[in-house]
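Here's the letter readout for the chains.
Number of protein chains: 2
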Amino acid sequence: MRASNLALVLGEIHRRGPLTRAALSELTGLTKTTCSKLVGDLVEAGLVVESGALRDGERGRPGVEVRLSGDRVAALGLEVNVDYLAVCIVDLTGRVRQRRQVHVDNRGSRPGRTLADLRELAEAAVAESGLSIAGAALAVPGPVHDGVLQHAPHLGWHDVHVDLGMPLTVDNEANLAALGELWFGSGARDFLYVSGEIGIGAGLVVDGALFRGAYGFAGELGHVVVYPDGPGCRCGARGCLEVYAGQEALQAASSMERAGEALGLALASAVHLVDPGRIILGGVFAPLFPQLEKPVERVLSARLGGMRTPPSLGVSELGSDAAILGAAGHVIRQVVTDPAPYTSTRSAPA
Amino acid sequence: MRASNLALVLGEIHRRGPLTRAALSELTGLTKTTCSKLVGDLVEAGLVVESGALRDGERGRPGVEVRLSGDRVAALGLEVNVDYLAVCIVDLTGRVRQRRQVHVDNRGSRPGRTLADLRELAEAAVAESGLSIAGAALAVPGPVHDGVLQHAPHLGWHDVHVDLGMPLTVDNEANLAALGELWFGSGARDFLYVSGEIGIGAGLVVDGALFRGAYGFAGELGHVVVYPDGPGCRCGARGCLEVYAGQEALQAASSMERAGEALGLALASAVHLVDPGRIILGGVFAPLFPQLEKPVERVLSARLGGMRTPPSLGVSELGSDAAILGAAGHVIRQVVTDPAPYTSTRSAPA
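Residue numbers (our numbering), protein chains in the order written: chain L, -13 to 336; chain U, -13 to 336.
If you are wondering where the hints come from, they were derived from the structure by calculation, not from laboratory data.
Mixed in with the good hints there might be a few duds.
Identical chains share a label here; the pair holds if one copy fits it or two copies do between them.
Said to hold, decoys possible - Below, computed lysine to any residue pairings styled on SDA-like, alpha-carbon distance capped at 25 Å:
1) Lys23 x Gln87
2) Lys280 x Tyr213
3) Lys280 x Gly216
4) Lys23 x Arg93
5) Lys18 x Gly98
6) Lys280 x Ser306
7) Lys18 x Gly(-3)
8) Lys23 x Asp145
9) Lys280 x Gly222
10) Lys23 x Pro139
11) Lys280 x Ser172
12) Lys18 x Gly291
13) Lys18 x Ala174
14) Lys280 x Ala195
15) Lys280 x Gln237
16) Lys23 x Ala326
17) Lys18 x Ser37
18) Lys280 x Glu243
19) Lys18 x Ala238
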């Protein structure tokens, strides 16, 4: 009961911003006494602070607002991608406190070695932040099932049980990048986020929630069929989107036109199938948007125009930080949804 | 309060099957007196019946079970498709009481004329059933927004505000067929239903609910890109799935092989994007399954095998009835979710 009430109070503060104890009592339906005790526990745990100077005996004074604290508890967002390792620390208020990215070629790397490097990068960031880390989440460039990275063809990794010596959520890079866009991006709540990295993935966000599919493998836009008889793809099939618009193809391309057309074709199929509210291009597609926009729009319009208005096309402002931000945001949501483990159980001071 | 309690009681009976009043009281948390009154109202409305002979003064006797009644209230499922009109009447227990299908070429037909014919077909079925119709839903071969059929290219209809002179829900044929499969089919709760008619559509069911997309246009499998430079499609694009595997292409095809391969290519893109629990082929694809199975499986395996196990592929048993059953099922769920309008408000007899 205490655990769910703590979550109720912290959830309101997280959702609505600073609130007085009286407002919290009204919003949660809890008595003022109960609310004050719960707020006391959250203050003591460093999850919230109260605004304004408080003198002894004045706790709960009207006008004093309770808000999330950025000073004690924070979330660790991590990423192993094909050509970089990245780490961020985001405090409970959503402010990025540390951000480190190391460019390194992880193709054909040994998972143990790469994860040890990532851990070192994370530990340095944590030490410098001086914050207490509530949890960590890791983005990887491949599908994940039950915490196991099934395969990351560009890394050459298969069936990797990721262990960083800390409690960890592991998820596909495109999924976490889409959540990063949801929580730290444009504010849209219905969109298809397209992640352009060495591989191409996508995350569909529907009414503020990530659509994962029956087995958690949804969003593999990079392997949607573009030209069935096209060049071979690393996945074993032919003519997948990634062959034409993956980062390696983009670097080798004599023309961005062809990449944009291929992206438009795959997105046309995606729009027909999932009808996203809008399309948001992220990762390397964002800086290339000036060159990609026209061919993508032209193909979307040609293929969809007879049936419907194509959804709007935009870019993410988050660059390659989208996935680590989504990872950290996931941890923040874990804390807000269940803050009890971060609080002590003794009574608040009278 | 009474309305939501009626829904609570009827919902438990609909979900769990026959229940005693005591069990209903326990499941709903309502007092036995309240439950008995609500059951009385539902009996009077003809929505439920009590099993076993009851003598005066014995209402609520333990052992007597309350179950849905098939004898008074029923749902009307309707369909306008390119080459047929169809009607069914399904009672509250889910039993099909009337089913009529008339083959007629509706290409280029006048909407008013066709809808009048459908209404006539429905009225004859209703008259013969002797049941009281709680509501109607209509399946149409095109996308629907706010009750308006946007366009049905095979019919040549555009922006048709459908009016049958009765309260009516209008929805896309593939959506309702997927719901038909959910409620009257294999029992699966996660699947992509593929509707093979003159046009090809699909309905994605996720955890027992239809996925509609941001604007209600999801599931347009027929226009997923198969060969970007292929023959022109009625939608204005080129090389859509429908060009290779729509009913007209199937009839003209020298080989089912090519249609199956095209279907496999579009389904491979769909699996990568939405990761359905399984794929269920319906409509004309069901009887053709023996010829389609191998090419579809081969293409799915070739395109997905490097990344994941392809989902299982099966057929619907509902044939061309899927959409009218889904339409009727939708109405039944409306009654169960909100039975108050079908009951009187006076007290049950003491």
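Hints versus structure:
1. Lys23 x Gln87: Neither: 42 Å inside a chain and 67 Å across chains, both beyond 25 Å.
2. Lys280 x Tyr213: Answer is both: 20 Å inside a copy and 21 Å across each meet the 25 Å cutoff.
3. Lys280 x Gly216: Close inside one copy (23 Å) and across copies (22 Å); limit 25 Å.
4. Lys23 x Arg93: neither (53 Å within a copy, 70 Å between copies)
5. Lys18 x Gly98: Cα proximity of Lys18 and Gly98: none, with 52 Å in one copy and 63 Å across.
6. Lys280 x Ser306: within (23 Å within a copy, 42 Å between copies)
7. Lys18 x Gly(-3): This pair counts as within: shortest intra-copy Cα distance 17 Å, inter-copy 37 Å.
8. Lys23 x Asp145: neither (47 Å within a copy, 59 Å between copies)
9. Lys280 x Gly222: Between copies only: 20 Å across chains, 30 Å inside a chain, cut-off 25 Å.
10. Lys23 x Pro139: Cα proximity of Lys23 and Pro139: none, with 52 Å in one copy and 64 Å across.
11. Lys280 x Ser172: Classified as within; 22 Å inside a copy, 45 Å across copies.
12. Lys18 x Gly291: Answer is neither: 57 Å inside a copy and 59 Å across each miss the 25 Å cutoff.
13. Lys18 x Ala174: neither (35 Å within a copy, 48 Å between copies)
14. Lys280 x Ala195: neither (30 Å within a copy, 37 Å between copies)
15. Lys280 x Gln237: within (19 Å within a copy, 39 Å between copies)
16. Lys23 x Ala326: within (13 Å within a copy, 44 Å between copies)
17. Lys18 x Ser37: This pair counts as within: shortest intra-copy Cα distance 18 Å, inter-copy 51 Å.
18. Lys280 x Glu243: The answer is within: 8 Å in one copy meets 25 Å, while 37 Å across copies does not.
19. Lys18 x Ala238: Cα proximity of Lys18 and Ala238: none, with 65 Å in one copy and 75 Å across.
Checked against the numbered hints given earlier, the structure breaks hints 1, 4, 5, 8, 10, 12, 13, 14, 19 and satisfies all the rest.
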